[in-house]
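Chemist: With these hints in hand, go ahead and build the complete structure from the sequences.
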Amino acid sequence: MTNMEKVHILDHPLLQHKLSILRDKNTGVKQFREIVSEMAALECYEATRDLTLQTVEIETPIATGTFQTLAGKKLAIVPILRAGLGMVEGILNLIPSAKVGHIGLYRDPETHAPVEYYCKMPQDIAERDVIVLDPMLATGGSASAAITFLKGYGCKHIKLMNILAAPEGIACIRRDHPDVDIYVAAVDEKLNERAYIVPGLGDAGDRIFGTK
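Using my numbering, the letters of the sequence shown map in sequence onto residues 1 to 212.
By construction, these hints were calculated from the structure, which means they are not laboratory data.
Every value quoted in this text rests on a predicted model; they were computed, and no experiment measured them.
Be a bit skeptical, because a hint or two may be false.
Have a look at the derived ranges for each label pair, beta carbon to beta carbon [to be verified]:
id, residue 1, residue 2, range
1, P109, R175, 54 to 64 Å
2, T211, V115, 12 to 22 Å
3, K120, T55, 35 to 45 Å
4, F209, E57, 42 to 52 Å
5, T211, E57, 45 to 55 Å
6, H157, Q68, 14 to 24 Å
7, T111, Y45, 28 to 38 Å
8, Y196, T64, 55 to 65 Å
9, T55, E110, 54 to 64 Å
10, P96, T52, 11 to 21 Å
11, E110, D176, 15 to 25 Å
12, Y196, R175, 49 to 59 Å
13, Y196, V56, 16 to 26 Å
14, T60, A195, 50 to 60 Å
Even glycine gets a Cβ: it sits at the ideal position worked out from N, Cα and C.
Modeler: See below:
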């Protein structure tokens, strides 16, 4: 295993239970899609643990007191198309004010290198803390390319959220972007000759959208 500094493996029992359902080849599209969204929401709790708070005065039905609210930090989530779209709703349910950018990348079947085909970002993306979303961190090429692109936009605070990772993918991000924290529910054994995570859960995009 590579250097695991800034790698957060989230071993909460609910995440592990839901991940096991995703791994099952007999899990249908509807359930798979719902669980991906649920896991994204659960991981979001950890990925946003460092949000700053401010004290405000609020009048309750009983009395006036001082309480804590978020300090107005701007957030953006950026799913890597297409599988990353499956994680968006779960996070927006928790943080409805977050803006959403999109990066379209696909993996060349021969070289496994990422190829960009679409990009659309909020105008103020450089002012926001960004969470990049992709269920699978396999070779790490797509995620690394997406992070590089965001840094080119001026983004300085970037996190990567995955459901499942391979050691090779983590090594890639740690090498290319040692400043980026990775949040993931599990790290599997390895990649196979087709660059799929083993034992993994198959192609997340195909299983989310029913295209396999």
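Chemist: Going through the earlier hints one by one, which of them does the structure break, listed in rising order?
Modeler: 1, 12, 13
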